[in-house]
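Novice: Listed below are the residues making up each chain.
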Amino acid sequence: MNMLVCVKQVPDTTAVKIDPVTNTLIRDGVPSILNPFDGYALEAAARVKDKNPDAKLVVVAMGPEQAKAVLKESLAVAADKAYLVSGREFGGSDTLATSKIIATAIKKIEEIEGKFDVIFCGKQAIDGDTAQVGPEIAEHLGLPQVTYGLECELDGDMMKVKKEMEDGAAIIGVKMPCLLTFTKPAWDPRYPTIKRKMAANKAVIPTLGFADLGLDAMECGLKGSPTKVKKSFCPEKKAAGLKITEEDPAVAAKTLYAKLSEAGIM
Amino acid sequence: MEAKTKDLWVVVETTPDGGCKNVGIELLTPGRMMADKQGGKLVAVVIGCNATKAIEEANTHGADQIIVVDGPEYKEYNTDAYAIALTHLVEKYAPTSVLIGATNNGRDLAPRVSCRVKTGLTADCTSLDVDAETGNVMWTRPAFGGNLMATIICPDQRPQMGTVRPSVFKKCEPTEAKAEIINEDFHVAADQIRTQVLEVIKDMEGEGVDLEGAEIIVSGGRGVGGPEGFGIIKEAADALGGVVGASRAAVDAGWIAHAHQVGQTGKTVAPKIYVACGISGAIQHAAGIGGADCIIAINKDPDAPIFDIADYGVVGNLFEVLPVLIEEIKKARA
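Sequences listed follow chains A and B, in order. Offset between the first sequence (1-based) and my numbering: plus 9. Position 231 (the second sequence) corresponds to 219 in my numbering; numbering is contiguous.
Everything labelled a hint here was simulated from the structure, so no lab data went into it. Honestly, I wouldn't trust all of these hints.
[Said to hold, decoys possible] Negatives, chain B to chain A, calculated, CB over 10 Å: (1) D5; (2) T17; (3) R20; (4) D24; (5) K25; (6) P60; (7) Y81; (8) R104; (9) V156; (10) E161; (11) T163; (12) E164; (13) V176; (14) A177; (15) R182; (16) Q184.
[As the list claims (entries may be wrong)] Only pairs whose alpha carbons sit at most 30 Å apart, straight line, appear in this in silico BS3-like list of lysine-lysine: (17) B:K80 with A:K169; (18) A:K237 with B:K25; (19) B:K260 with A:K26; (20) B:K190 with A:K240; (21) B:K222 with A:K268; (22) B:K106 with B:K222; (23) A:K58 with B:K190; (24) B:K159 with A:K268; (25) B:K318 with A:K263; (26) B:K106 with A:K184; (27) A:K240 with B:K(-8); (28) A:K60 with A:K184; (29) B:K319 with A:K263; (30) A:K268 with B:K319; (31) A:K232 with B:K80; (32) B:K(-6) with A:K239; (33) A:K169 with B:K63; (34) A:K237 with B:K(-6); (35) A:K171 with B:K222; (36) A:K232 with B:K(-6); (37) A:K252 with B:K158; (38) B:K159 with A:K239; (39) B:K106 with A:K232; (40) A:K211 with A:K77.
Beta carbons: idealized from backbone N, C-alpha and C, even for Gly.
Throw the hints in and build the complete structure from the sequences for me.
Specialist: Here's what the structure looks like:
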């Protein structure tokens, strides 16, 4: 059993502040974290490994040198080996170019680590929120996919995935090799042990660059990206609404209902 | 690829009973405006099994043409059959733009197809326009947890594709059916479908929680105090004809299933009315409710950030305010 988890280092978007004067994002001082959904994917893979101790768990991230921090974190939690995909040529890539680069890197890593049976991804990254890179990697590699996974287990040559649906959940069977994306499950990911943490800090993480992947420059970065950002702006802040501060809760509730009826809302 | 037509497509997601998700019909509203600006037809694409209700809905909501792909392999959504069928249609007819609802299935399908035809895809749009000169769609979407809006274009590839959030656009008034219906006889072999549904689990409360499509949501947070506190939330939701949502704090405490969670690591919702009860309104939660038409907050803490984004706020104990509000609603509806 050979598993790969794709992770991304993201700014903690909950710590992002808006400059009230210029109405722009303040990115300085915002901590970088492991994308939470990738943490759930890593935990799902770790649970498969718990039951199949011989399984190998490799982790890959695309990003600058600093992104090694999330690879080390993944090693500390559960991964056996880590790779960084990094290069100036990759900057400015949209999801199509990003998925092409990562899919190519996966093929390269498979030359060293052997074919992967399952590739785990987070449902989406919290900075871009597109949920496109996972399915696009699957498409480049010709793999079947199950998205919105909550948990999974190995069953013969198949993965059984509990998938979140709009009206509940479903168990989906998918033949390996396959790609799964994960959303937030009912449980929390495990914490690393001190021992694993220390080992992870010492781990050597190989980097795959543009030249290693043998990609065409036209497939990477802005040139390889069919979508372009035309403009970005901070959403207008809503004006504060009506605040009812009546002491008596019954009066407050009735006032609220009267206001809502007046405005035609109820 | 290059477009052969100036047509704009709306993929209308079908349900196993032959009906459709609301968002597909909602998208015909901006679709009309966009097709007119692009100078082409508004085409609804219906992939499903005996989806007569879906076809009828599209036909009475402004579609000029409906392309239908029908077969048992399309009864339940599955990535492979739908991706193969939609790619076939896109390659055959080469439209200039394709809109897909940003449901779980829509977000599963769209990237497979856009990647297969090597074009651009913009996710989760909340606003759409067309530059009439270039025919480029201006796809506007939130990023950075709703802190930033970005307008994306796909200038050199066709079709330009995007997924659009449910409930952002309103269905138009039903009109006379006028669409030309094209039945596309196209099938996907069983061995090309690599996933199978082994079991369907309905929500633990025995009913669906379609938060993304809900028009009214009553949500509970830390202030609800425990699983039993959701009783009054449910009562309020029932009185209003809505569904129950929850903040991350309530879900993490184990009071209610994650399927109910609204916010950054939960669902992004766009109801007409959102009632936040005992929810402080942290940015993670606020990011999920930006699309709500009207936010009503009930919270004991007068300084809770939820009041900054609420249209109507009541400073008070939800267990005292909600029962009276429920009474008022029931009285009015009696």
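Novice: A separate judgement is required for each hint: does it hold in the structure or not?
Specialist: Here is how each hint holds up against the structure:
The non-interface label for B:D5 is consistent with chain A: the shortest C-beta to C-beta separation is roughly 13 Å, beyond 10 Å. Separation of B:T17 from chain A is adequate, the least Cβ-Cβ distance of about 21 Å exceeding the 10 Å criterion. Non-interface status of B:R20 relative to chain A is upheld: no Cβ of that chain comes within 10 Å, the nearest being about 23 Å off. The non-interface label for B:D24 is consistent with chain A: the shortest C-beta to C-beta separation is roughly 21 Å, beyond 10 Å.
At the 10 Å boundary, the C-beta of B:K25 stays outside the reach of chain A, the nearest C-beta of that chain being 16 Å off. Distance check on B:P60: its Cβ is at least 18 Å (rounded) from any Cβ of chain A, clearing the 10 Å threshold; non-interface status holds. Listed as outside the interface, B:Y81 is consistent with that label: its C-beta sits roughly 19 Å from the nearest C-beta of chain A, beyond the 10 Å cut-off. At roughly 6 Å, the least C-beta separation between B:R104 and chain A is not larger than 10 Å, which violates its mark as non-interface.
In this structure B:V156 is separated from chain A by more than 10 Å, as the shortest Cβ-Cβ distance comes to about 14 Å. The claim that B:E161 lies off the interface holds: its Cβ sits roughly 18 Å from the closest Cβ of chain A, which is beyond the 10 Å cut-off. Look at B:T163: its CB is around 25 Å from the nearest CB on chain A, clear of 10 Å, so calling it non-interface holds up. Every Cβ of chain A is farther than 10 Å from the Cβ of B:E164; the closest lies at roughly 29 Å, confirming the non-interface assignment.
Distance check for B:V176 against chain A: the nearest CB is about 13 Å away, which clears 10 Å, and the non-interface claim stands. Chain A leaves B:A177 outside its interface by the beta-carbon criterion, the shortest separation being 15 Å against a cut-off of 10 Å. The non-interface label for B:R182 is inconsistent with chain A: the shortest C-beta to C-beta separation is roughly 4 Å, within 10 Å. Listed as outside the interface, B:Q184 is inconsistent with that label: its C-beta sits roughly 5 Å from the nearest C-beta of chain A, within the 10 Å cut-off.
With a CA separation close to 35 Å, the supplied pair B:K80 and A:K169 exceeds the 30 Å bound. The hinted pair formed by A:K237 and B:K25 meets the criterion: a straight-line CA distance of about 21 Å does not exceed 30 Å. Proximity of B:K260 to A:K26 is assessed by CA-CA distance (about 28 Å); at most 30 Å being required, the pair is judged to hold. About 42 Å separates the Cα atoms of B:K190 and A:K240, which puts this hinted pair outside 30 Å; it is violated.
Under the criterion of a C-alpha separation no larger than 30 Å, the hint pairing B:K222 with A:K268 is consistent with the structure, at around 23 Å. Of the supplied pair hints, the one linking B:K106 and B:K222 is violated, its CA atoms being roughly 46 Å apart against a limit of 30 Å. Proximity of A:K58 to B:K190 is assessed by CA-CA distance (about 29 Å); at most 30 Å being required, the pair is judged to hold. Our distance criterion of 30 Å between C-alpha atoms is met by B:K159 and A:K268, whose separation comes to about 27 Å.
In summary, the hint linking B:K318 to A:K263 is supported, as the alpha carbons are separated by about 13 Å, within the 30 Å threshold. For the proposed pair B:K106 and A:K184, the alpha carbon gap of about 26 Å is at most 30 Å, so the pair holds. As the CA atoms of A:K240 and B:K(-8) are separated by approximately 29 Å, the hinted pair is consistent with the 30 Å bound. Of the supplied pair hints, the one linking A:K60 and A:K184 holds, its CA atoms being roughly 19 Å apart against a limit of 30 Å.
With a C-alpha separation of about 12 Å, the suggested pairing of B:K319 with A:K263 holds against the 30 Å cut-off. Taking the CA atoms of A:K268 and B:K319, the gap is about 16 Å. The hint holds against a cut of 30 Å. The hinted pair formed by A:K232 and B:K80 meets the criterion: a straight-line CA distance of about 27 Å does not exceed 30 Å. Between B:K(-6) and A:K239 the CA atoms are separated by roughly 22 Å; this keeps the pair inside 30 Å, and the hint holds.
The hinted pair formed by A:K169 and B:K63 meets the criterion: a straight-line CA distance of about 21 Å does not exceed 30 Å. For the suggested pair A:K237 and B:K(-6), the alpha carbons sit about 21 Å apart, so the restraint of at most 30 Å is met. For the hint linking A:K171 to B:K222, the alpha-carbon distance of about 26 Å falls within 30 Å, and the restraint holds. Of the supplied pair hints, the one linking A:K232 and B:K(-6) holds, its CA atoms being roughly 25 Å apart against a limit of 30 Å.
Of the pairs offered as hints, the one joining A:K252 and B:K158 holds, with about 29 Å between alpha carbons and a cut-off of 30 Å not exceeded. Restraint check: the Cα-Cα separation between B:K159 and A:K239 comes to about 28 Å, which is no more than 30 Å; the hinted pair holds. Distance check on the hinted pair: B:K106 and A:K232 sit about 13 Å apart at the alpha-carbon level, within 30 Å; holds. Of the supplied pair hints, the one linking A:K211 and A:K77 holds, its CA atoms being roughly 12 Å apart against a limit of 30 Å.
Hint violations for this structure: numbers 8, 15, 16, 17, 20, 22, all remaining hints satisfied.
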